[in-house]
Every structure is written in structure tokens, then in C-alpha cells.
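S.K.: The residues making up each chain are set out below.
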Amino acid sequence: MSQLVIESGRIERQYWRDLWRYRELFFFFTWRDLLVRYKQTVVGVSWSLIRPLLTMVVLTIVFGKLGKMPAGKVPYPLLVFCGMLPWQFFAAAITECGNSLVTNSNMISKVYFPRLVITVSSVMTTLVDFLISAIFLVVLMIYFHYAPHATLLLLPLYVALMVAVSFGVGLWIASLMVQYRDFRFIVPFVVQFGLYISPVGFQTGVIPMRFRLLYSLNPMVGIIDGFRWCILGPESRIYWPGLVIAVAEVVVFVASGIWYFRRTERIFADVI
Amino acid sequence: MKSDYISKVEDSRLAISIENLSKQYFIGQNRAKQDGMRHVIERALRAPFKWLQSRGQKNTEDVEFWALKGVSVQIKQGEVVGIIGRNGAGKSTLLKILSRITIPTEGRVTIDGRIASLLEVGTGFHPELTGRENVFLNGAILGMPRAEILRKFDEIVEFSEIGQFLDTPVKHYSSGMYVRLAFAVAAHLDPEILICDEVLAVGDAAFQKKCLAKIKSFAGSGKTVLFVSHNPETVRSLCPRSIWLKDGRVQKDGSTEEVLDGYLDSVARGTSFTWENPDYGLTIHKVIIRNTDGEETRRFYPGDDLVVDVFYEAKKRIERPLVAIGVLGVSGSCFTSNMLLDGNSPDSFEGVGKISCTFKSIPLLPQNYTVKLVVRASTVTDMIVPYEEVGSFTVIGDLAEYGFKGDYLQYAARSTPVVVPYEWSMPDGRTVPVALNRVQEHQLTEGVAESLD
Chain A
24 MSQLVIESGR
34 IERQYWRDLW
44 RYRELFFFFT
54 WRDLLVRYKQ
64 TVVGVSWSLI
74 RPLLTMVVLT
84 IVFGKLGKMP
94 AGKVPYPLLV
104 FCGMLPWQFF
114 AAAITECGNS
124 LVTNSNMISK
134 VYFPRLVITV
144 SSVMTTLVDF
154 LISAIFLVVL
164 MIYFHYAPHA
174 TLLLLPLYVA
184 LMVAVSFGVG
194 LWIASLMVQY
204 RDFRFIVPFV
214 VQFGLYISPV
224 GFQTGVIPMR
234 FRLLYSLNPM
244 VGIIDGFRWC
254 ILGPESRIYW
264 PGLVIAVAEV
274 VVFVASGIWY
284 FRRTERIFAD
294 VI
Chain B
5 MKSDYISKVE
15 DSRLAISIEN
25 LSKQYFIGQN
35 RAKQDGMRHV
45 IERALRAPFK
55 WLQSRGQKNT
65 EDVEFWALKG
75 VSVQIKQGEV
85 VGIIGRNGAG
95 KSTLLKILSR
105 ITIPTEGRVT
115 IDGRIASLLE
125 VGTGFHPELT
135 GRENVFLNGA
145 ILGMPRAEIL
155 RKFDEIVEFS
165 EIGQFLDTPV
175 KHYSSGMYVR
185 LAFAVAAHLD
195 PEILICDEVL
205 AVGDAAFQKK
215 CLAKIKSFAG
225 SGKTVLFVSH
235 NPETVRSLCP
245 RSIWLKDGRV
255 QKDGSTEEVL
265 DGYLDSVARG
275 TSFTWENPDY
285 GLTIHKVIIR
295 NTDGEETRRF
305 YPGDDLVVDV
315 FYEAKKRIER
325 PLVAIGVLGV
335 SGSCFTSNML
345 LDGNSPDSFE
355 GVGKISCTFK
365 SIPLLPQNYT
375 VKLVVRASTV
385 TDMIVPYEEV
395 GSFTVIGDLA
405 EYGFKGDYLQ
415 YAARSTPVVV
425 PYEWSMPDGR
435 TVPVALNRVQ
445 EHQLTEGVAE
455 SLD
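Chains as they are written, first to last, in my numbering: chain A, 24 to 295; chain B, 5 to 457.
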């Protein structure tokens with residue numbers, strides 16, 4: 024028989040065991056979000072394709088045609104799309120994850136389950152959108168007759184990094200949002216701003232070398248570069264210090280995010 | 005049966021042990037402002053040193069409030085315990101702690117066994133999803149593995165009586181259907197300890213009965229149940245033992261009969277009213293509220309007769325005093341007996357005496373009521389006893405037993421309290437009489453209804 028002890032100020036030992044016990048809930052929340060997202064929409068799942076497609080067109084025109092940014096031998100739309108895939112995931116994930124607790128506040132104040140499930144599920148939902156958008160990348164590559172390189176095999180590593188950093192940042196935002204709804208306004212701003220300061224519409228190569236290290240403090244720089252390197256091959260060079268910084272930041276964000284989330288989790292129901 | 009229950013319970017181990025449990029909240033009128041980020045930043049910028057020091061400390065401007073204070077309760081396996089108390093007594097806080105939604109400030113709870121708590125039915129129901137989808141989602145949220153939901157799915161659907169609407173989004177459901185489906189999922193959880201809060205508050209009478217039966221059978225099978233309700237009648241019918249919470253503390257813990265006696269009396273706020281008017285030499289010693297059997301009581305059922313006895317002593321003779329007694333509910337005056345209107349009057353008050361008024365078959369909904377008294381001199385303008393509250397009583401009873409079968413019976417406590425008999429004439433020519441009369445079982449049979457025609 025399982026014994027449960029509820030005490031003040033004590034980090035429940037059973038938390039991680041509970042997370043395992045509620046593992047099906049990860050799937051259920053993701054499934055619910057996906058189901059709800061496209062109900063009563065006419066075009067349905069195609070929204071996951073239309074949004075990145077239109078953004079790609081705009082960025083290609085602005086940076087490629089008007090800005091005349093260099094792209095080497097790579098077709099500019101392809102270059103943009105490789106940057107947009109991880110960026111759009113990051114933007115959507117931190118928004119969804121950040122809002123997830125407040126959106127589900129009714130559940131949080133009425134029933135127990137490890138709250139981490141909600142945040143993880145929201146990131147998983149975004150990952151499904153990411154995978155749908157990725158199909159379009161394949162279409163683009165076929166259209167431009169661009170053969171993948173062996174580096175493509177390393178892509179899952181970058182996807183993992185991308186998911187991890189989004190989750191870490193998302194956890195911070197989610198925990199802070201419970202207490203400070205200000206983040207509801209801050210997040211869209213960061214997302215909008217970030218699209219232009221991250222190398223989405225252009226390559227990191229256009230940044231002067233002396234600013235490269237500083238520029239790489241944005242973890243998405245290393246990740247987007249990595250995506251291009253994996254998909255487009257050695258055509259785009261990898262900047263190793265940037266990657267090291269990105270990996271270090273991912274570790275810090277995830278670890279501190281979980282720490283802060285766990286620390287504030289017990290008061291969620293009281294303040295939400 | 006009862007002794008069987010007691011012996012079974014006495015042998016068993018503890019299911020829930022609550023030791024010195026306290027929960028503190030901070031309620032400052034500035035709370036929201038202080039927590040807003042602008043304020044945090046502002047404080048940090050204005051006085052960074054002070055801000056750093058004060059971080060992690062309690063804010064002195066906050067008013068502390070103990071929702072629970074030093075609550076200790078032991079519940080054995082197989083016990084069915086009711087928790088009663090007024091709003092704000094700490095019932096929901098206790099449930100929230102037991103359900104692990106919030107953590108206690110002090111104290112400790114040990115729970116032995118698989119626990120399921122229903123603070124609300126349909127938690128996590130999504131309006132856009134169909135009934136079928138919501139069953140799975142809700143089941144998962146309540147901690148049911150998918151395999152178990154699949155196994156019990158048909159049973160759940162059958163219990164809910166949703167039938168063909170299973171694949172309709174629940175936003176198109178009536179509130180009754182919604183609750184039925186939600187309860188059906190909850191009813192098929194299979195915990196060893198069940199904690200439930202007012203889940204029976206909605207749904208039609210027939211379904212409420214079904215839910216109650218389900219909880220009863222659950223309790224009968226040796227499981228532990230903690231049941232919170234505003235309705236003393238439901239607690240009485242379900243729980244042999246009750247705990248009365250008042251201002252965050254355990255006021256009384258014992259057999260339901262005993263606890264409810266104390267609770268209902270306190271709700272009806274027992275007063276010993278006395279009034280003295282030296283100018284007229286009139287003293288009202290006491291006012292008794294009783295039933296027609298002569299028993300002093302503060303509890304009545306709809307349709308009961310209510311008697312108010314006013315005991316007085318007039319040192320001087322008062323000629324033709326005018327007495328009025330009013331009954332007031334939560335939303336104001338209900339009815340009154342008023343000599344100013346009916347033209348009756350005692351010849352005089354002299355010496356020790358009593359004047360009574362019997363209100364016949366009070367058509368009142370279950371609520372709390374107060375009784376007020378006015379005594380005027382024959383000049384009318386002179387008040388010997390001004391409009392004074394002299395006592396209170398509660399109307400109790402399960403409206404379902406009076407043929408009321410709406411989905412919102414829980415709002416009866418806030419509704420206009422007086423229900424005179426009325427009759428609906430429907431567009432199709434049907435007429436439906438309604439009155440606060442207890443529906444007798446035999447009246448429900450068709451034969452009787454036909455013979456009445």
C-alpha cells in the first residue's frame with residue numbers, strides 16, 4: 024500500500040515517481056491541444072505549413088532581394104527556411120509553454136498532477152507542428168534540387184538542443200507568468216524582436232567576426248547555425264565557440280528552469 | 005447494520021491522519037499591487053539594498069489569515085465522514101491540502117491508500133471536444149490509466165445516459181448532460197479513499213439520487229469517504245460521522261446527529277432575546293420559536309407550521325397594543341402577521357402573559373430566516389418594541405422530495421424564499437401544478453393520478 028505524506032516545506036520525494044505515474048497525461052494534453060487547435064478551422068493542419076511558408080516568402084524578399092544578403096550557392100528561400108524552422112519552434116514553444124499554466128489554471132486549482140506535465144505537453148504540441156513544417160523543407164529541397172549531405176544525420180542532436188532550450192526558457196516564463204502576468208506582454212515582444220536579431224533571414228556570416236562571440240550569446244544563434252550546417256552541408260560553416268556557448272546555455276536554462284519551477288510550483292494554486 | 009459498520013471501522017487501520025494542520029494565507033488589500041512586476045522593479049530600483057534584504061521575507065503590510073489552524077483528525081479505513089461548516093470555515097482549504105493542490109503551512113497529513121479527490125466534476129473538460137474525447141481526457145487527469153478507461157468506457161457511457169450525444173462536442177450539451185458525463189467518469193475511478201466536494205450539487209433529482217447511491221455503495225464496500233456538503237440532509241443520509249469546521253478549527257467531531265445538532269443551532273444563531281421598555285413598563289423575557297407539537301426548535305421543513313411565542317411582563321397596563329411578527333429570508337421580508345392590517349388586538353397587556361402567532365404551512369425554501377417583532381402602542385406611532393430581531397430558524401429538507409427536479413436546486417438557498425402554490429399552463433395545453441408539498445410515494449403511481457382525474 025502506498026503511503027503519502029503531505030507536509031509543509033518539504034519537497035515531496037514522490038514527485039518524480041508521480042511524473043512517471045502520470046506519464047500518459049503528457050500524451051493526453053498534447054493530443055487535446057492538437058485536437059482543439061484545429062477544430063473549427065477551415066484549412067486545419069495546413070496552418071502549420073502556411074504560416075512558415077508566408078514568413079519565408081517575406082523574409083526572402085526583405086533580406087535576399089531588398090537587402091541583398093549573401094547566400095553562397097544556396098537558394099535564398101532554402102537558407103531562410105532552415106533558420107525559420109528552429110526559430111518558429113522556439114517562438115511558439117516559449118509562448119505556449121509560458122502561457123500553459125495560466126491557461127490551465129482551472130485544472131491547477133482543482134486537481135493534483137505534477138504541473139511539469141502541462142509545460143512539457145505544450146512543448147510537445149509545438150514539436151508536432153515543427154515536424155509538419157519540416158515536411159515542407161523536404162518539398163523545398165526537392166524543388167531546388169538540393170541534395171542533403173551526410174551532416175543531416177546530426178540534425179536530431181540540434182533538434183534536441185532546440186527543444187531543450189525552448190523548454191528551459193518556457194519553464195522560466197511559465198513560473199513567472201503565474202505571479203507576474205506582465206510576461207504576457209513581454210513574450211510577444213521578445214519573439215518579434217528575436218526574429219530580427221537571430222540569424223533567421225540572413226546567415227551568421229554577415230556578422231563581423233569581432234562581434235561573433237557577443238552575438239553568439241543568443242543560444243538560438245548556435246542552434247540555427249547548426250540547422251543550416253546539417254541541412255545545407257559544409258556550404259555554411261559552423262562557428263564552434265558559438266555552439267559551445269549554446270550548449271552551455273541550454274544546460275543552464277533547463278537546470279535553472281526546472282529548479283525555479285519546482286520552487287514556485289507549490290504556490291501555484293494559491294496565487295494563480 | 006450500524007453496529008456492524010462500527011465494529012468494522014474500529015478494527016481497521018488509519019486511512020488519513022491529520023496532525024496539527026494549519027494553512028496561512030496573506031490577504032492584503034495591496035496584495036495584487038505588490039506582486040505586480042512594476043512594483044517589484046520599482047522597489048528594487050528605489051531602494052535596492054532594502055529590496056534585497058526584504059526578499060524572501062513576509063510582507064508586513066499583508067494581513068495574515070489562517071484558513072486552517074491546528075486541525076487534527078484521524079480517519080480510519082472504511083469510515084465515511086462528512087465535513088460541514090459555513091463558507092470560509094476552511095472546508096475547501098482542507099480538501100485542497102488533502103488533494104495535494106496546495107501545501108500546508110504547518111502540520112502533516114499521512115494518507116494510507118490510493119486517493120482520488122473530486123473537488124469539482126468535469127475538471128479539464130474541454131468544450132470543443134466531444135463527450136468521448138473528454139471521457140479519456142478527464143479520466144487521465146483524474147489519474148486513470150488509458151487501459152482502465154478503455155475497459156470501463158462502456159460502463160461510463162451507460163451510467164452517464166448520454167447515449168447518442170457521445171460524439172457531440174460538450175459545448176452543445178445541456179448543463180445536466182455535462183454534469184452526468186463528468187460524474188460518470190469520476191464515479192468509475194476506483195480509489196481506496198474518496199474525497200468529494202459538493203459534486204452532487206447539480207443534475208436533476210433522479211440523477212442526484214443515482215450519484216448518491218453510487219457514493220453509498222462505494223462507502224458500503226469498505227472504502228474510506230470524506231464528503232463535504234452544504235446540505236446537512238445529504239451528510240445525514242451518507243455519513244455516520246461528521247466533522248464541523250468553524251473558523252479553521254475543528255468545532256466538533258463525532259456522530260453526525262450530534263454534530264449536526266450543534267451546527268444547525270449555530271447556523272440559526274440561537275439568541276435569548278430580551279427587551280425592556282421602562283417607559284411602558286414592558287419586558288419581553290423571551291421569544292420561543294417552536295413547532296405545533298410544542299417542541300422548541302430551529303429547524304423546519306417546507307410546509308411545517310411555525311409558532312412564535314412572545315413572553316412578556318407588563319408592569320403597567322398597556323391598552324390595545326398592536327403586535328407584528330415578520331419573517332425575513334436572505335433576500336428580505338417574506339411575510340408578516342400584522343395587527344395594523346388585520347385589525348386584531350389583545351384588550352391589554354397586564355402582568356405576566358404570552359402572545360403567540362402560528363404561521364401555517366410555511367411555503368419557504370431551505371434557507372436561513374430571522375424573526376422580527378414590533379409592539380406598538382395603540383397610538384400606532386409609539387413603538388414599545390421597535391422592529392427587533394428576536395430569533396432565527398432554518399428551513400431544511402431535500403427539495404427533490406417536494407417534486408422539485410430542476411438542475412439548479414443548489415441555488416435554492418439564494419432564491420426568493422416564498423413559494424406559493426402555482427401552476428404552469430404550457431403552450432401545448434398541459435398544466436403543471438407546483439407546490440412545496442412533500443411528494444408521497446403513492447402519489448407518484450399512475451393509478452392514483454388517474455383516480456384524481
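Note that these hints are calculated values from the structure, not bench results.
Among the clues, some could well be false.
Stated by the list, open to error - Pairs of lysine-lysine residues, derived as DSSO-like cross-links and limited to a Cα-Cα distance of at most 30 Å, are as follows:
1. B:LYS320 with A:LYS62
2. B:LYS175 with B:LYS156
3. B:LYS320 with B:LYS358
4. B:LYS175 with A:LYS62
5. B:LYS250 with B:LYS73
6. B:LYS156 with B:LYS256
Said to hold, decoys possible - Restraint ranges, calculated between C-beta atoms of paired labels, are given here:
7. B:ILE45 with A:HIS168: 35 to 43 Å
8. B:GLU393 with A:LYS62: 54 to 62 Å
9. A:ARG44 with B:GLN255: 34 to 42 Å
10. A:GLU30 with B:PRO437: 38 to 46 Å
11. B:GLN255 with A:ARG285: 35 to 43 Å
12. B:SER335 with A:VAL294: 49 to 57 Å
The structure presented is a predicted model; accordingly, all values stated were derived computationally and were not measured.
Idealized CB from N, CA, C, for every residue including glycine.
S.K.: Check whether the Cα positions of LYS250 of chain B and LYS73 of chain B lie no farther apart than 30 Å.
M.R.: 10 Å, holds
S.K.: Hinted pair, alpha-carbon criterion (30 Å max): LYS320 of chain B, LYS62 of chain A. Please report holds or violated.
M.R.: The hint is violated at about 82 Å.
S.K.: Holds or violated: LYS320 of chain B and LYS358 of chain B, Cα atoms, limit 30 Å.
M.R.: 16 Å, holds
S.K.: Tell me if the beta carbons of ILE45 of chain B and HIS168 of chain A are separated by a distance inside 35 to 43 Å.
M.R.: 54 Å, violated
S.K.: Regarding the pair LYS156 of chain B and LYS256 of chain B, is the alpha-carbon distance no greater than 30 Å?
M.R.: Between LYS156 of chain B and LYS256 of chain B the Cα gap is close to 40 Å, so the pair fails against 30 Å, i.e. violated.
S.K.: Is the hinted range of 54 to 62 Å satisfied by the C-beta distance from GLU393 of chain B to LYS62 of chain A?
M.R.: 56 Å, holds
S.K.: Okay, SER335 of chain B versus VAL294 of chain A on CB: inside 49 to 57 Å?
M.R.: 34 Å, violated
S.K.: Do the alpha carbons of LYS175 of chain B and LYS156 of chain B lie within 30 Å of each other, as the hint requires?
M.R.: 24 Å, holds
S.K.: Is the gap between the beta carbons of ARG44 of chain A and GLN255 of chain B within 34 to 42 Å?
M.R.: 37 Å, holds
S.K.: If you check the beta carbons of GLN255 of chain B and ARG285 of chain A, does the distance land in 35 to 43 Å?
M.R.: 37 Å Cβ-Cβ, so the 35 to 43 Å window holds.
S.K.: Look at the Cβ atoms of GLU30 of chain A and PRO437 of chain B and judge whether their distance stays inside 38 to 46 Å.
M.R.: Roughly 58 Å apart at Cβ, these two residues miss the hinted range, so it is violated.
S.K.: Would the hint linking LYS175 of chain B and LYS62 of chain A be met if the CA-CA limit is 30 Å?
M.R.: It holds: about 13 Å lies between the C-alpha atoms, which stays within 30 Å.
In summary, the numbered hints that this structure violates are 1, 6, 7, 10 and 12.
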